[in-house]
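Below are the chains, spelled out letter by letter.
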Amino acid sequence: MWLKYALHRLFWLLPTLVAVVTVAFFMVRVAPGGPFDQERALPTVVKANLDRAYGLDQPVAVQYARYLWALAHGDLGPSLSDRDFTVNQLLAIGLPVSLALGGLALAFTLLLGVPVGVCSALWPGRPFDRVAGKVALLAIALPTYVVAPLLALFFGVYLRWLPVGGWERGRWSDVILPVTALALPSIAAVTRLVRASVSEALRLPHVRTAHAKGLTPFTVVWRHVLPPALVPVLSALGPTAAALLTGSLVVETLFGLPGMGRFLVQGALNRDYTLVLGKVIVYAALVIVLNWLMDLLQVALDPKLRQALRR
Amino acid sequence: MASEDDTQESVVRVDNLRVAFGGARSAAVGGVDVCLAPGRALTIVGESGAGKSQLALAIARLSPPEATVTGRVWWGATDLLALPPQALRAWRGARIGMVFQDPSVALAPHLSIGRQLSEVLEAHAPKMTRAEVMEQALACLRDVQLSEPARRLAQYPHELSGGMLQRVMIAMALIGKPQLLILDEPTSALDASARQEIVSLLDRLRARGISLLCITHDVGVAAHLGDDLAVMLGGQLVETGPTAAILSDPKHPYTRALLASRITLQTPRVGVIPTLREAAPVQGGGCVFASRCDWASSVCQTPVPPHSLGQVQVRCHQPWLGKS
Amino acid sequence: MSALARWPAALWILLLVCLWALLGPWLSHWAPQTLDWSHLAAPPQVGQGHWFGTDRLGRDLYVRTLTGTRVSLGIALVAGVLSVAFGTAYGVLAGFCGGRMDAWMMRLVDVVYALPYVFFVILLTVVAGRSAVMLFIAMAAIGWLTVAQIVRAETRRLCQQPFIEAARVLGLPAHTLLGRHVLPNVIAPVLVYATLLIPQLILLESFLSFLGLGIQEPAASLGNLLSQGAQEMEYAPWMLLIPSAMLVTIVLVLTALGEWCRTRWSLYGE
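Protein chains in written order, with our numbering: chain V, 1 to 311; chain Z, 1001 to 1324; chain H, 2001 to 2270.
Just chain V, same shape as in the assembly (with noise of 0.2 Å):
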């Protein structure tokens, strides 16, 4: 039954993710200009000949089908720029970077931001709420692309002591600058949220109950607090995981760090339609997961709604 639901909710995000890549795939198109436009006009002969060899002579609509048909079986084609890679081959690549990162940042985000927002829930006033949320909102209004040039100023060029970019494997000390410029706003923004959402629910009448019952407090918080208190802080973790996304298109590129967002760009100005395209809807892929698991996470903790999925 559990299953069945999973499957059925994930059956509705695929329109959604046809979508995506039928907007994108039109929008590449209507682009003017080619990949093949360059500063010295090719031979028209030779124009012609790439063309024909990627399919570009086609009409869109064929294109188009071709292009479905293809994904469908799990190819995004060759890359127009990098004639040497698939766009596949370029993902594998770029993805295990990328979502190592994504990953590292959102386990940092959640690990951080939400104990730092119950405990401000907890001692709202308190010396340690009030530094916390003047932190939060300086956060808040300190992009990626301050942060992360000022902390790799900061770290890696005055105090030297860790790189300023690069990417070797199994090098944590790599990872610590951009995932920490990667997590600071959402950090930032998933403390607010759990704050509010806490100090909401410690107002709720079952919370008084669980006092009268004479239970300790560690248990009234664990128990009776944080289960309602964080059902609105799971929906709202895909939009954080779409913003860590985007984070990571900076960061990349500012760390010279080998992922998917660092010739993104780039490629989007030559023209690379295939890169592009397949990139974006990894990425749209990775959000529309994720929101699926909060989802099927979210229906798990409410017994209502479990409940109307068992019948």
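Just so you know, the hints here were simulated from the structure itself, not pulled from any lab data. There's no promise every hint is true.
In the SDA-like style, the derived pairs of lysine to any residue whose C-alpha atoms are separated by at most 20 Å in a straight line are [unchecked claim]:
| hint | chain 1 | residue 1 | chain 2 | residue 2 |
| --- | --- | --- | --- | --- |
| 1 | Z | K1177 | Z | W1075 |
| 2 | V | K47 | V | P59 |
| 3 | V | K134 | H | L2191 |
| 4 | V | K304 | Z | R1142 |
Chain V residues, not near chain H, derived (Cβ > 10 Å throughout) [unchecked claim]:
| hint | residue |
| --- | --- |
| 5 | M1 |
| 6 | T22 |
| 7 | K47 |
| 8 | R66 |
| 9 | G77 |
| 10 | D82 |
| 11 | L106 |
| 12 | L110 |
| 13 | P115 |
| 14 | C119 |
| 15 | Y145 |
| 16 | L230 |
| 17 | L249 |
| 18 | K279 |
| 19 | Y283 |
Each residue gets a CB set at the ideal place from its N, CA and C atoms; glycine is no exception.
For chain V, the structure is supplied; the task is to place chains Z and H on it using the hints.
Chains Z and H in isolation, oriented as in the chain V frame:
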């Protein structure tokens, strides 16, 4: 209200209890004395905003954090208001059971009934085995005459009706075997038939020796529970005494108005109490009902100590005025 | 005067920054695109009038930061107005029509919300080339979503109010109903949200410019100044620090102001 001789064996004695909220000019509860004997029921009636619920919450020290509570709540030789929070947990749930109004929100929506019952025992009798705990929970649900008790343990609050939830709430208050049950408007969220069942359930509990402190705005509930009655207005108890005596011969003008405002088949015309909640001035020390009383005179602006009239204590300077 | 005194400090700081951005460049004798070959990547100093230093091409950073601030604020303002206008129209329409129309219109908003929008902005700017107009449209394409949601919720709430019902019963035409009863009531929450939207749009503009998709060289905006600063930070850290400080100040002040407005008129809770 308990008379002089049985104060010795009171379950709980409230001494000059005051609950004040920061910005408010007058206290929600302004110096209340209450004494509750074992196996007796004390009902506190009054209009909304009279401070009844704040009084009930303050006894178990559940007042909202922004409230300032002063006075003493004596449990034997222990002052509950002076206890450190950890020590207080030995009272809450174990010696004092609480039942709140509107059980549909007072029960945790995300925990099963069984879980909510068992966690009381886990907190107070950690040595009990899981099987014993569930056994006890089941017994408690049977005790409050909930239908199909075994099935209810696995159910969630949203699956039960209001009357059933109130039974669960009472079972949850009883599972720790308390000597005192504090009920805050136990019937106000229920329909008439569920109300009747809950009141007779309370009757049985009292017969078993559990003291009841019942907060309600429903004089019918008070009449049914009997024993003692206290009428609360503007944070003060304006009339206290045996329920039968007060209902048959109300002394305070407010009590008279309150009883007259009940709609019964016999009443030819429903009495109306002028509702001016904010006009209850406690700060001057005068009568809290003065601004709304038909018989008020200048003497009513001076502090009113409780007068004893027979078994009843009244806070009124001229309780003989205006009696029909 | 006493009413003014109750305004938060954030507002005064904001006004000062705006005034400085508008008038400040005239205080310096450098123009934003003049190259001073004798001072390439010079640190901040008073003597030559390069108060905030120069960049690698010898352009005065004081003037460039202020003109960049001007551009960033202006773009955010225009995109904000566009977002509010379109979002209000969309939200009122959805809320007023109700039923299936409403459901589909809001579904669309949800779908667009669920997407990593920045990639669409990237696509959009690629499609239409990198121009200021495109930048406005791309930014407004994101900004209108929340406006539409707020307006729609407010409109639905209003439409269930007795006075709208009464006006309907009186047989007022739809445009009178909308213009006289719905719009005036929707405007207040929208304006408060707009104060929270503007800092987000400033961040978005600088993000796009940072990626090279927004304002193009040689024109300056906070975003492309930051982008250059990040490249030169090891040798000319002032190129990064000064625009950063400017951006953070503006966004902080605007966010604080927005929060102040929100709690002041206690709109949409936390």
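These are the hints, each one checked on the structure:
Under the criterion of a C-alpha separation no larger than 20 Å, the hint pairing Z:K1177 with Z:W1075 is consistent with the structure, at around 16 Å. Of the pairs offered as hints, the one joining V:K47 and V:P59 holds, with about 17 Å between alpha carbons and a cut-off of 20 Å not exceeded. Distance hint between V:K134 and H:L2191 is unfulfilled; the C-alpha atoms sit about 25 Å from each other, more than 20 Å. Pair hint V:K304 plus Z:R1142 does not hold up; C-alpha atoms about 25 Å apart against a cutoff of 20 Å.
No beta-carbon of chain H is positioned within 10 Å of the beta-carbon of V:M1; the least distance is around 26 Å. Interface exclusion of V:T22 from chain H stands, the closest Cβ pair being 12 Å apart, more than 10 Å. Separation of V:K47 from chain H is adequate, the least Cβ-Cβ distance of about 21 Å exceeding the 10 Å criterion. Distance check for V:R66 against chain H: the nearest CB is about 20 Å away, which clears 10 Å, and the non-interface claim stands.
Every beta carbon of chain H lies more than 10 Å from that of V:G77, the smallest distance being close to 17 Å; the non-interface claim holds. With a least beta-carbon separation of about 18 Å from chain H, V:D82 lies farther than 10 Å from that chain, consistent with its non-interface assignment. In this structure V:L106 is separated from chain H by more than 10 Å, as the shortest Cβ-Cβ distance comes to about 14 Å. No beta-carbon of chain H comes within 10 Å of the beta-carbon of V:L110; the shortest separation is about 20 Å.
No Cβ of chain H approaches the Cβ of V:P115 within 10 Å, the least distance being about 19 Å, so the stated non-interface status holds. Every CB of chain H is more than 10 Å from the CB of V:C119 (nearest about 17 Å), matching its label as outside the interface. Annotated as non-interface, V:Y145 brings its C-beta within 10 Å of a C-beta of chain H; the closest such distance is 5 Å. For V:L230, the non-interface assignment is confirmed: its Cβ lies about 15 Å from the closest Cβ of chain H, beyond the 10 Å cut-off.
Not every CB of chain H lies more than 10 Å from the CB of V:L249, the least distance being 7 Å, so the non-interface label is violated. Distance check for V:K279 against chain H: the nearest CB is about 8 Å away, which does not clear 10 Å, and the non-interface claim fails. With a cut of 10 Å on Cβ distances, V:Y283 falls inside the contact zone with chain H, its closest approach being about 5 Å.
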